[in-house]
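Enquirer: One letter stands for each residue in the lines below.
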Amino acid sequence: DAKTTQPTSMDCAEGRAANLPCNHSTISGNEYVYWYRQIHSQGPQYIIHGLKNNETNEMASLIITEDRKSSTLILPHATLRDTAVYYCIVRVDLGGKLIFGQGTTLQVKP
Amino acid sequence: DAGVIQSPRHEVTEMGQEVTLRCKPISGHNSLFWYRQTMMRGLELLIYFNNNVPIDDSGMPEDRFSAKMPNASFSTLKIQPSEPRDSAVYFCASRTTGSGGNTIYFGEGSWLTVV
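Line by line, the protein sequences give chains Y and P. The first sequence runs 1 to 110 under my numbering. The second sequence runs 111 to 225 under my numbering.
Derived from the structure by calculation, the hints contain no laboratory data. What you are looking at is a predicted structure, and each value in this text was computed from that prediction instead of being measured. Do not take every clue at face value.
Claimed, not checked - Facing chain Y, according to a computed beta carbon distance under 8 Å, are these residues of chain P, among others:
id	residue
1	T213
2	F216
3	E218
C-beta: ideal position from N, C-alpha, C; glycine also.
Given only the sequences and the hints, what does the whole structure look like? Please build it.
Expert: Encoded structure:
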């Protein structure tokens, strides 16, 4: 699975959009981009995933660049409860395992 | 639907004792994963099963660790003998490999402290 690079930490004001970047320059054509988050003391939680096209669900939007070498997770209206570690993971869709990096610690501030 | 269920949620044990962590995956899921999380090493995959068969145990730290999946609804992770460096949060996760099987669901973890 391709390696990902994320900033260690980010801050966001409550109510504003949080934009979390991820670089995956060695991504292969059959690899998907997945985002998970982990709120303190809880198990990781799936957010969204995509291959080429931008994706949106009730939690977030995923913007993937045309060359697929980077992506951005967007939380449109961040709340204090969105404070968590966000993991960007690249893997083959039906591959067995998720390998977690260090992620981005997002702090949403009042 | 019930999520992935882990037990115990918290355990404190003495060095040298045997520790058994238990996991019930989501009904119908046929892949199961055990992860360990520490501050120093983050989230590490220990082992995963497909259809009750261990597929990749390369993350199992050493022979003191063993995992079994006797049936589709139950798995154990055993540490014998336990050591203080085994103190961590152990997560179990599951998913289905059928259609729509992109999402891996995690339990709430078992917090292990070895003193």
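Enquirer: Evaluate each hint against the coordinates.
Expert: Structure-based check of each hint:
| no. | hint | verdict |
| --- | --- | --- |
| 1 | T213 | holds, 5 Å |
| 2 | F216 | holds, 3 Å |
| 3 | E218 | holds, 5 Å |
Violation of the numbered hints given earlier is absent; every hint is satisfied by the structure.
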